[in-house]
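Student: Spelled out, the chains give:
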Amino acid sequence: MSSSSFEDIKISGMACAVPKDPIYTEYYKKYFSDSEVEQFIETSGVRTRYITGEKQTASDLCYVAAKKIMEHKGYTGDDIDACIFITQMPDYAMPATAFVLHKRLELKENCVVFDINLGCSAFPNGVSIVSSMIKSGLINRGLLLIGDSHSYCFKDEEKLSHDNMLFGDCGSACIIENITKNNQEENDCVINSIIKSDGSGFDAIITTGPTVDGRIPYDGYNLSFSYMNGVDVFLFAITKVPKLFKEFYKKFNCSSEDFDYFIFHQANVMILDQLEKRLKLPKEKVPRSIERYGNTDGATVPLTIVDLCERENIPDKIKFAAAAFGIGLNWGIISFEMDKKDILPVIYTDDYYKDGYLEDILEEIKSKKEKNNKKDGGNNV
Amino acid sequence: MTEKEKIALMEEIMDLNEGTLSLDSVLEDIDEWDSVAILSYITEVLDKFRKTVKGSEVKKFVTVRDAVEIMQ
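For the record, the sequence lines run as chains A and B.
First residue of the first sequence: 20, per my numbering; consecutive thereafter.
First residue of the second sequence: 18, per my numbering; consecutive thereafter.
Worth double-checking, as some hints may not be accurate.
Said to hold, decoys possible - To list a few chain A residues with every Cβ distance to chain B over 10 Å, as calculated:
| no. | residue |
| --- | --- |
| 1 | T62 |
| 2 | Q107 |
| 3 | N129 |
| 4 | I135 |
| 5 | V250 |
| 6 | D251 |
| 7 | K269 |
| 8 | M289 |
| 9 | K385 |
| 10 | N391 |
| 11 | N392 |
To be verified - Label pairs and their calculated CB-CB ranges:
| no. | chain 1 | residue 1 | chain 2 | residue 2 | range |
| --- | --- | --- | --- | --- | --- |
| 12 | B | K76 | A | D182 | 17 to 25 Å |
| 13 | B | R67 | A | N332 | 39 to 47 Å |
| 14 | B | R82 | A | N332 | 49 to 57 Å |
Derived by calculation from the structure, the hints in this document are not laboratory data.
We put the CB at the ideal spot given by N, CA and C, even for glycine.
The following block holds chain B by itself, in its conformation from the complex:
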């Protein structure tokens, strides 16, 4: 998955329009980054990248870049 596709996945997770997010978007400033989006992020990473991300790790994310870097 390319970086662009990963950002698009983050937009899908938060139910945002295409092109809304960049790697530097601050998660705390995005209303849609709520508990439901976090659960959705965790399941997407589990399904698409076979990785388990703990809640405590997600809470440390500052920008979209942090969330995308896990997607490998």
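In isolation and in its complexed conformation, chain A is listed as follows:
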């Protein structure tokens, strides 16, 4: 069984941060033909994206989003029992970047901290995991951080592909908590979820290590090869997600009428069009953010919610059904209710963690290496 109903658990806060300056897709006419770029805009939907600079990482974006939402809720580090970071772009190979965020956010010692390696389907997985930790009694309130950054794509402009126009960067932060224990005046609050996986598609979207055989070692951002079987991923999304909705409606005895908005992972407009059509959903109930932010991997679901609340006049209490799908292959759906007041507008930031560049430690490693070289008589065999 990979489905559950989490009663009295709520997403009580949500914020998203993106890098400061937009990049317009039109800019790529420098590298591709005009018609190629125009066709890309039409089929992907991406007109602008925000990309981190050389120093900023996904964790920096999540830090800013987390800080803001904690301030908004009036929480300090003592109020957070778990810090879970879902990313494919950690700051270091080891340790988990969630520990860096634990430090920067000044969270307490009694805190569960780890990273999860998931991509576009991060949101339903993350909310389910934090909710089950609450349900089990392990924690009372958790911080779910989802973010990715693609600045490495810009390292070699000679090797640009269409994917470089598709992906944007974003860091999201959600607070998930037990509303009975936290004495809030709430009722009928429930999070329902179903998660699915198919490891036979592990190579449908893959980034290998830098060695010849591609398996090891993972060397930070020195990535040798990214591959996506776009046609099969498209087919996977447009067949599996509608089936998942059918199962979800049956299992939780609900229908599309029960939700104000349907939030899909913002893969590209072709997939979004197909999902709307196959699920027979009216356009106005399926907000999109891909035009303004691109495909921001796991953060597209919270970013689309934040973008929706910023741009449209929506009710104070909103019922969402959110589905996401991607690398793994993995796909999931989650339904939840949120208060509009707990969803902050998009934050634009160029903040980065200067101490994360470890100048002292790198200096120490360098001098140790030099000493060893001297011992060996300078023979680098």
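Since chain A is already given, all that's left is putting chain B on it; use the hints.
Tutor: Showing chain B alone in chain A's frame:
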């Protein structure tokens, strides 16, 4: 669906004028047989014939005949 209608569907998928394609038309030679047309082909086959065609299968198609033969 008749063979003629299936060829017409291929023309629609590639946004070509009626009568442009024949069963022997070589897909590789048709500029309009691009990634968008392939995705459109896959969704049409899924909707109209309830069949899932993988990308690796589509890549093996040489002529329009190969694409049409799946439509059953």
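Student: Now tell me if each hint is right for this structure.
Tutor: Hint-by-hint comparison with the structure:
Look at T62 (chain A): its CB is around 6 Å from the nearest CB on chain B, not clear of 10 Å, so calling it non-interface is violated. Listed as outside the interface, Q107 (chain A) is consistent with that label: its C-beta sits roughly 23 Å from the nearest C-beta of chain B, beyond the 10 Å cut-off. Every Cβ of chain B is farther than 10 Å from the Cβ of N129 (chain A); the closest lies at roughly 49 Å, confirming the non-interface assignment. With a closest Cβ-Cβ approach of about 28 Å to chain B, I135 (chain A) is found to remain outside the 10 Å limit, as its non-interface label requires.
Non-interface call for V250 (chain A) relative to chain B: violated, since the shortest CB-CB distance, roughly 3 Å, does not exceed 10 Å. Distance to chain B contradicts D251 (chain A) as a non-interface residue, since its nearest Cβ pair spans about 5 Å, not more than 10 Å. The Cβ of K269 (chain A) sits about 21 Å from the closest Cβ of chain B, beyond the 10 Å cut-off, so the non-interface label holds. A beta-carbon of chain B comes within 10 Å of the beta-carbon of M289 (chain A); the shortest separation is about 6 Å.
In this structure K385 (chain A) is separated from chain B by more than 10 Å, as the shortest Cβ-Cβ distance comes to about 47 Å. Under the 10 Å C-beta cut-off, the non-interface status given to N391 (chain A) relative to chain B holds; the minimum distance is some 50 Å. Non-interface call for N392 (chain A) relative to chain B: holds, since the shortest CB-CB distance, roughly 50 Å, exceeds 10 Å. Checked against the given bound of 17 to 25 Å, the beta carbons of K76 (chain B) and D182 (chain A), roughly 19 Å apart, stay inside it.
The hinted window of 39 to 47 Å between R67 (chain B) and N332 (chain A) holds, with their beta carbons roughly 41 Å apart. Between R82 (chain B) and N332 (chain A) the beta carbons are some 54 Å apart, a value that agrees with the proposed interval 49 to 57 Å.
Checked against the numbered hints listed earlier, the structure breaks hints 1, 5, 6 and 8; every other hint is satisfied.
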